[in-house]
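K.L.:
Residue numbers (my numbering), protein chains in the order written: chain E, 1 to 88; chain R, 89 to 281; chain V, 282 to 694; chain H, 695 to 1645.
Treat the hints as calculated values from the structure; they're not laboratory data. Fair warning: this is a prediction, and the values are worked out from it, not measured in the lab. Glycine included, C-beta positions come from ideal geometry on N, C-alpha and C. Certain hints may be false.
[Claimed, not checked] Quick list of simulated restraints, FRET-style, between CB atoms:
1. Gly-1572(H) x Pro-35(E): 37 to 47 Å
2. Thr-925(H) x Gly-488(V): 52 to 62 Å
3. Gly-1572(H) x Ala-188(R): 56 to 66 Å
4. Glu-172(R) x Pro-1155(H): 27 to 37 Å
5. Glu-172(R) x Pro-1638(H): 52 to 62 Å
6. Ala-115(R) x Thr-925(H): 39 to 49 Å
7. Ala-33(E) x Arg-682(V): 49 to 59 Å
[As the list claims (entries may be wrong)] Cross-link-like lysine-lysine pairs, in silico, DSS-like; alpha carbons within 25 Å at most:
8. Lys-110(R) x Lys-1281(H)
9. Lys-228(R) x Lys-829(H)
10. Lys-546(V) x Lys-847(H)
11. Lys-417(V) x Lys-372(V)
12. Lys-372(V) x Lys-829(H)
13. Lys-2(E) x Lys-110(R)
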Amino acid sequence: MKLLTCPMNGPRNIDEFQSFGPVRARPDPNATADPEWSRHLFRAENRQGVVVEWWRHVPSNYFFLAERDLVSNEIIRTFDASEPRGRA
Amino acid sequence: MAAGTATRIYPFMPGGAADGIKLVSGAVVLSDLTASPRFGLKGCGSAAWLAAQGIPLPAVNRIGKHHGMQVLRLGNEDILLLAEGVGETLAEVKTAWHAATAPKGYSSWREEGWAWLRLSGPRLAEAMNGLCALDLRPEKFGPDDIAQTRVGHIEAVTFRSPAGFDILFDITASAYFARSVAAVATHIDQHNA
Amino acid sequence: MPLRLLKYGLSRDYPVSGDIPATPALKPAYDVVIIGGGGHGLSCAHHLAKYHGIKSVAVLEKGYLAGGNTARNTTTIRSNYITPEGIAFYKEGVELFERLSQELDFNVMFSQRGQLTLAHTEATMRSFHMRAEMGKHMGTRTEVVDQKGVEELCPLINMDYGGALEILGGLWHADGGTARHDAVAWGYAAQASRRGVEIHQRTEVQGFEVVGDRVQAVKTNRGRVACGQVLIATGGMNYDVALMAGVELPIRCYPLQAMVTQPLKPWLHTLVSSVSLHTYLVQSSRGEVVIGGGSDPYQLYSTRSTLDMKVHLAEGAVHLFPFLQGVRLLRQWAGITDMTPDYSPIMGASPLANLWLDCGWGTWGFKATPVAGKRMAQTIADGRVPDILKPFALERFETFRLLNEMGATAASH
Amino acid sequence: MNRLPAPFGSRIDRSRPIRFSFEGKPFEGYAGDSMASALAASGQWVLSRSFKYHRPRGILSMTGADANALVQLPSDPNVAAERTPISEGLRVSAQNVNGSLEHDRDAVMDRFGRFLPVGFYYRTFMGPRRDSWLKFWEPIIRRKAGLGLVDTKAPHRHFDKTHLHCDVLVVGAGPAGLSAAIAAAEAGADVVLCDENPEIGGALTYGRYDPAILSGLSSKLEALPNLKVLTGTVCNGWYEDNWLPLIQGDRLHRTRAREVILATGAIEQPAVFRNNDLPGIMLGGAAQRLIRHYGVRPGQSAVVLAANDDGYRTALDLLDAGLSVVELVDPRPAGVAGSLEAELRGKGVAIRNGATVEAAEGTAGNRHLARVRVGGSWTACDLLAVSIGSAPAWQLPCQAGGKVGYDAGMQTMTITLPQGSVHLAGAVAGADDLEDAIASGRRAAANALSRLGHAVAVESPVTPKTIRPRYVQPIVADPKGRDFVDFDEDLQVKDLQNATKEGYREIELVKRFTTVGMGPSQGRHSALATARIVAEATGRTVGEIGITTARPPVGPETLGVLAGHHEVLERRTALHARHVALNAAMKPVGAWWRPYYYGDASSAGEAVREEILAVREGVGLLDVSTLGKLEIRGPDAGEFLDRLYTMAHANQPVGRVRYCLMLNEMGSVVDDGVAYRMAQDQFYVTATTGAVARVYADMLFWNAEWRLKVDVLNLTGAFSGLNVTGPKARQVLGALESDIDFSRDAFPYLSGRDGMVAGVPVRVMRIGFTGELSYELHCPSSLAPSLWDAVMAAGRPHGLRPYGLEASRILRLEKGHILIGQDTDAITTPDELGFGWAVSKKKPFFVGKRSIEMRARLGQTRKLVGLNFPAGTRNIPGESCLVLRGGAPVGQTTSVGYSPSLGRHIALAYVHVDDQAEGSRVTVKCRNGELIEAPVVAHAFFDPTNARQEI
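Okay, chain E solo, but in the shape it has when bound (with noise of 0.2 Å):
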């Protein structure tokens, strides 16, 4: 079992956390045109290399950021959304 280190919990077991997926920037909806938009919906941050991702610890219910590298899987860092997100 991997470990993800919660900024609140300590180290866990990942199976106590829920992937709420890479940090997406949020458009303007009323600036966006519909195409923009769609592609927005259902675009993926999905490039080899680090992504920062939300995360949920779910015995606490705290949300939290981590860098983590999609090819080997190595969490850079955790850290919390208050926190300056670097490659965010």
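Here the structure of chain E is known, so what remains is to put chains R, V and H in place on it, guided by the hints.
P.N.:
Then chains R, V and H, alone, in the frame of chain E:
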């Protein structure tokens, strides 16, 4: 909200949802504390109000003690008070909170939402290793530590008590949880037979 | 004894068929460059060469032939989907499998023993009825069976569990089956190369030369190749390869894991899967029981296996067949799946005029190997998308014409 | 008959004889014997028939790694006879035989081998008909496939799973592992040492070593309380972040180690020559194990094929065990074996250098080795011990990221691991000399300890003492074949060569085409030889060829030990016992148990009708506690709901209840419920039973992004809900002691009140799923039974009946209320449901708003409508039947039921958007294929003006 004349019924009591499900005893012992006094606040203003009552608040995921109560800090704004026995101070805090004006946080209703069971017995460590993936060796998990984790495959809060581990979890899963502990106890008996 | 075996027995030396020629030198240009030497790419090459007379075709494979998801999938072939568009397409796929061994003169061991999917909830039963009604309407053999029907089709399933995991009924798909995955790819490779298609193993695409709305050439680790038409059919790498051409696909990659037991004498004669348990089982002609299930819960480009998925699949298998407790597991593995938002593939045109897509095959690609190859070959040869593929266009995500097959994909790929 | 006197036989207890049977014949062994050793002691050397050619096979390694020694137990297929202990009365039989092990009718396959070359099945069995494979050939192949027989009546066994944590896990308790574990524990680390064997010591227990070495290590071990030893425990895989399954009999320890030391040793490799699979040909280590562990003499007259010191030691052991060693054959030139060579010569053993075993021949039916050919001449013998080298046990290291290499000069397979928390020690790291192994264990421990923060002296790297090639594996391909490379799969040298000729030149393709390495041993005894053969056949180096990916598990593991035991999750409402006492038919809905109806199954239909009638004409009581219940609290609570739901909530007055409809970002309907504003900063919101977990998580997720000042609390278990519904509902509530005024004016439809009812604090909402006058009473769960009792008592004079889910579903269908997930799918929009009224046009934003606007522009294709089936309609479609238009499917029925209130069947269905008008007729295809026409009606079949719920 005070309950006038109505009787409270918890899962393992006669007429409760888990009525008829036995709590194991033997090498592994499970006992029910669900009816013991509890009071929790959660949400904006909770920590400040409790602190203003003179209750020292520990760090998140740590336990403090105050006048016969255990103070569990489950989050910045999520604090649970536990008492075994009469719980006079706890009752006073509860009364004061109901009487107070906002901001005072919001009730977390843990005394209704969570069952409170205690795992103990000669095979306690083995049983807990079967139920929980966390490293709970004494040098890693002290008497003031709280783990918000999974016990018996469901979300739970656990911490040490002098007798064993206390476990708080979704009250609607009480029957399931008691059966899961019983199954682990059976496996322990068989493995060591 | 079949005559072929006599040939072997009576020849002094082993008669070599030469299925896969050694990788030749790369030519400067091909009419068609197919990126991805898996089942889909090879199938397309075969159809181009045999049915469209297009023989200047290079199949570029980064690793070894059919070593990606073709080698890793659990070979389910079926057409019991939900959408009429999906059923029409996969139905043609099943029909092509029915005559594939003859087509390829290579025994792909298509074993049409039927697929039984189990329902543990009323909601699942409702979706089974939907699939059955649509399936029957579209001319496939798909029907809902009750508890008794489940017992008749697979008497060894444990029906005694009560509670949330009680089996309420099933979806019986008599058209379902399996085939030997490698054989499909090798058979296509052998046929295609016999007709002049070049298969280049260990040839990695590293970029595209795009001029205007056309791909001029493909850049590889072995040099530049000019191309008339290009097809992307790279399975788990589709997102990345398309991105090199500036095309962003709505795809997320997740590992999909599977495992296999030691060989056993045959006891399981149909494919069995359970929606609630996220587990499916099938016994191969080698006697091994192949067990698979749901995808990993977060995005990843890795073929590592996990203990936890293995445990989950073992729980499901033992739940359905308790006597499997004593059966031993031999091997587990994983593939990288390219999942689309609606669990249907993306086939057809791309924003570039001569770049074609055969992507988004997620966990459901093997069964479409013959039909996707056939229809993509037709597309490339004609320069336009045939009607059967039109619903699968990339544009559907702009026009909201989704082909939602999630409910027909979750438990059985 | 082959039993040696003590001290040989460290594992057996001669005072405890044990009787068992093999192939129906009685045998006797001792406690501690494995099946294979007990059988060998009685002269039974043949254990199985091979996969393809049905050749007799026996002991190869005594490690239980390959198919040769797999046997069948009554309820357990593919059991490793070499490792599994015998027990009293055990019935063992051979696998993969047609007839019996002794007389296997399929042994004829051995003569037809030339007709069945590698991959033959791809080239035939296709005709004559298109389905000939399925109908004719596959059944034949399937009957021949597989090894063991699964017992479908196998009794249930108990397995359990647990967790183990340690600072250092050492895998393998041979000399390197022991030394590593001791060094780590002496420094104070919490250490677990596991070994698959029943005792510690590894090669020290069966090799020719001074017993004092092991006893010295053992006594150190015993003095360390922080060192936990798990013998009989297999470490069967390495997974991310040092997560390792240790399998100890019926128990799986999922182990998390901060540091891992792999001292997994090396795998002795067989030699390849004609008939190298005959029983009586075994690895040197197998002969030594038989002698020292079990006191079994492995033969009478032995030839030893030795290319290393271990082979010479084996020969000496054979002499000690009373065998005559006819000859030792060493492929290497003379003089490299040093003092062992002299010792052996001193005992009269002939040594032939620069030669190898070229072929073997068996007794009748190849049941045992009869003679071997060396240098063209035949030597009679009944044992050939093969010690020609080994491969490091690469499985665990490779799973942990190790890379396999090949040192051509040393003819050695090597493993390199990246720097990290996994360390190698002993033979797996190339240190196979005893002193080297012990030193490398200490060094691995030092590396692990320093990573754990212990101050330790750095140990210098171990340089192997010997630099001569130690892995000399003769491959003598024979034109007539039967020179087996892979015993599991009956693959010979030419099979691999032919695969390369067909173009399968990459090692993974060779594996897939020939199945080499895919059998039970997973390439343990074949990977190195395969790499060498493929390298030679394709003109590449062994390093370029490599070996196939080492996937877990390391060795076979039962599904039972992985699955363990798992209780099925079950949730009960606080009223569970009340329902049971009322004889409710309890059924699962997800994890919840809910009453379907009250009464006996025999009168279920009647009960449901009566329950519906009670609600329509009197009053009913439904336990709605499984509903999701969420409390949204904080200054931004209204704003928060405004963003999440389609209706306006920021301006919702305190004391009012509003319907709420949730969309996802795509604009699809994902949930609905009601929101009761209890205070300016507090809402009580319901969600559907099945969706609340996701809704709650999504709320938290959105607020992680929005960071509004709200707290979301999931009260689903903490609160219970009782729906009191029916024309007499007000009378029932009025009869209860309460501070709430339930009158029509004081408590209008779609409002909410807090107060006390029968001494229970309640939140009451006037909403209606049934279409009748309804009060939904929510209270703390511990008080729900009291409230239930009070309502039941107050309702008795009014004929109140508790009703179940069946009645509830019909009641809601009569009103045309949708069920999310049943009447909606993944792409349903509010417009398709006719829910435009529930979507605020004024709010600047809510989740899904932008998408439904866009989707409206793209055009609506379907609409959910009511369908009416007049009484007497012959064929009523079921749920999920297709709605056709011009023969093409345009929608489906989503809910169908018989309405006792209306006396006819009604349905909700998606129809083409152009058919949505009331009175349109649509075609529905029934499950039996019949097409029927039905008129479109409005959703609310019953009481279309909704007068009843507002009385």
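K.L.:
Compare the structure with each hint and give your call.
P.N.:
Right, here's what the structure says about each hint:
1. Roughly 41 Å separates the CB atoms of Gly-1572(H) and Pro-35(E), a value that falls within the hinted 37 to 47 Å.
2. Look at Thr-925(H) against Gly-488(V): about 56 Å separates their beta carbons, and that is inside 52 to 62 Å.
3. Look at Gly-1572(H) against Ala-188(R): about 58 Å separates their beta carbons, and that is inside 56 to 66 Å.
4. A beta carbon spacing of about 58 Å between Glu-172(R) and Pro-1155(H) contradicts the range 27 to 37 Å that was offered as a hint.
5. Separated by about 58 Å at the C-beta atoms, Glu-172(R) and Pro-1638(H) satisfy the suggested range of 52 to 62 Å.
6. Look at Ala-115(R) against Thr-925(H): about 23 Å separates their beta carbons, and that is not inside 39 to 49 Å.
7. Between Ala-33(E) and Arg-682(V), the C-beta spacing of about 18 Å breaks the proposed range 49 to 59 Å.
8. A hinted pair counts as satisfied when its Cα atoms are at most 25 Å apart, and Lys-110(R) with Lys-1281(H) qualifies at roughly 22 Å.
9. For the hint pairing Lys-228(R) with Lys-829(H), the CA-to-CA distance comes to about 62 Å; that exceeds 25 Å, so the pair is violated.
10. Note on Lys-546(V) and Lys-847(H): the hinted pairing holds, with a Cα-Cα distance of about 15 Å set against a maximum of 25 Å.
11. This hinted pair checks out: Lys-417(V) and Lys-372(V) have alpha carbons roughly 11 Å apart, not beyond 25 Å.
12. The suggested pairing of Lys-372(V) with Lys-829(H) holds, with an alpha-carbon distance near 21 Å, which does not exceed 25 Å.
13. For the hint pairing Lys-2(E) with Lys-110(R), the CA-to-CA distance comes to about 36 Å; that exceeds 25 Å, so the pair is violated.
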